[in-house]
Every structure is written in C-alpha cells, then in structure tokens.
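Engineer: Residues per chain, in single letters:
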Amino acid sequence: RKEVEQDPGPFNVPEGATVAFNCTYSNSASQSFFWYRQDCRKEPKLLMSVYSSGNEDGRFTAQLNRASQYISLLIRDSKLSDSATYLCVVNSVNNNNDMRFGAGTRLTVKP
Amino acid sequence: GAVVSQHPSRVICKSGTSVKIECRSLDFQATTMFWYRQFPKQSLMLMATSNEGSKATYEQGVEKDKFLINHASLTLSTLTVTSAHPEDSSFYICSAEDRKAFFGQGTRLTVV
Numbered sequence: 001r002k003e004v005e006q007d008p009g010p011f012n013v014p015e016g017a018t019v020a021f022n023c024t025y026s027n028s029a030s031q032s033f034f035w036y037r038q039d040c041r042k043e044p045k046l047l048m049s050v051y052s053s054g055n056e057d058g059r060f061t062a063q064l065n066r067a068s069q070y071i072s073l074l075i076r077d078s079k080l081s082d083s084a085t086y087l088c089v090v091n092s093v094n095n096n097n098d099m100r101f102g103a104g105t106r107l108t109v110k111p
Numbered sequence: 001g002a003v004v005s006q007h008p009s010r011v012i013c014k015s016g017t018s019v020k021i022e023c024r025s026l027d028f029q030a031t032t033m034f035w036y037r038q039f040p041k042q043s044l045m046l047m048a049t050s051n052e053g054s055k056a057t058y059e060q061g062v063e064k065d066k067f068l069i070n071h072a073s074l075t076l077s078t079l080t081v082t083s084a085h086p087e088d089s090s091f092y093i094c095s096a097e098d099r100k101a102f103f104g105q106g107t108r109l110t111v112v
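Going line by line, the protein sequences match chains P and C.
Letter 24 of the first sequence, counting from 1, is numbered 24 in the numbering used here, and no numbers are missing.
Letter 35 of the second sequence, counting from 1, is numbered 35 in the numbering used here, and no numbers are missing.
These are calculated hints, taken from the structure and not from any lab test.
Treat each hint with caution, since some may be false.
Here are the simulated DSS-like pairs of lysine-lysine, each with C-alpha atoms no more than 30 Å apart in a straight line [claimed, not checked]:
hint, chain 1, residue 1, chain 2, residue 2
1, P, K42, C, K64
2, P, K110, P, K45
3, C, K55, P, K45
4, P, K42, C, K41
5, C, K20, P, K42
6, P, K2, C, K55
7, P, K45, C, K20
So here's chain P without its partners, still in its complex pose (with noise of 0.2 Å):
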C-alpha cells in the first residue's frame, strides 16, 4: 500500500464549481498534513496547511479526519487559475522527517 493516496482524477469543472479532493494516508503517526500545487513544468508550491479543526483560506478548505486517516481539499468557486496539479503531502515521521507525496490530482477548469 502506498504511503499517500490519492483520488487519481482528472477532475474537469465548469467555472464556478466546486470541487473535493480526497487523500488518505497509511501511517497513524504521521503528525504533519499539506496541500500543494503543481502547475505543469514547475515546482510544487505550498497552497495550505491542514490542521486538526479544519482550516479555510478564502475559496479553500482543508479537513484532516485522524481517525481514518483522511484529508480533504475543497475548492468553492472554482477559478480558471485553479487548474493544476493538487498534491496530497504527509511527513513520514522518520529520523528525517521528510515528506511524502500523493500522486497528485489533475484538475482542470473550463470557462
């Protein structure tokens, strides 16, 4: 089983729309959650952490369930800029603490 799951997509939305990404992840003791996006040929960047109550940024919402091991991203209002590549990111909570990446969500927003 992989470590960071995914809904594999392609998401394709008309403007306006929202739209919920799902992710789960195998390690109880992964103590780190975030939400990164990918435009075609560039780095990842970091769109939001996810925090145990539930964090919102403006058109994003970020939920983290411990119990069975879940994270979500909603996106209300979807924008053509919103098209990208929306990566699931946990810590993987060894001696480095490095993280571990989903495979990432296609979403593309149509006018």
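Here the structure of chain P is known, so what remains is to put chain C in place on it, guided by the hints.
Structural biologist: The following block gives chain C in isolation, referenced to the frame of chain P:
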C-alpha cells in the same frame, strides 16, 4: 518566506557525461535537504535525503554511486548525475524545510 534556489533550470547533456545540480537555501539554514525526481505525469519520488556534514540517505532502488550527493554547508546541497543515460532524463527537484517544505525551481534534465 523561505526561498530555495535550484540551478540549472534546464540542461541537455550527452549520454555518458555527468551533470551537477545545485540547491541552495537562501534565507535559512538547512541541515537536511531532499532530492526528488518526477517523470512525466507521475508524482514526485524521493530519491535521497541530504545531510549536512554526513553521508546522504538513499531510498531503495536509487543508486548512490550514480546519484552523488554532497551537502558541504548548511545552505548548499548538490546532486551529481554521473554517466547519465537517456533513462535518467527527468525533472529533478530539491526541497528544504523551514517548518514547511519549500522547493527549488526544479531542473529538467535531458540526456541525448
């Protein structure tokens, strides 16, 4: 915010030659940096963890003699792809953490 600079951004080399990629943390010190590789339409895969002042830790299946990592200072890690072959063509990205992971701009390596 924290900045990680990586260069070159793009390199084309002949098969059999070696290529060095640099990763610098510009405004913070990083005792640990990470090197990833990403093939088209695939996720980032961790290759190795670079440790300042000591040997790098390589992931299973990554040849340490082929991918040489040097982390001589708290702000610089280098990845050298030795005797590159076309199958090494990929997008290589480094990252360093300052409470969160920050990535270099990536290096697109093409071996012809």
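Engineer: Tell me, in ascending order, the numbers of any earlier hints that this structure violates.
Structural biologist: none
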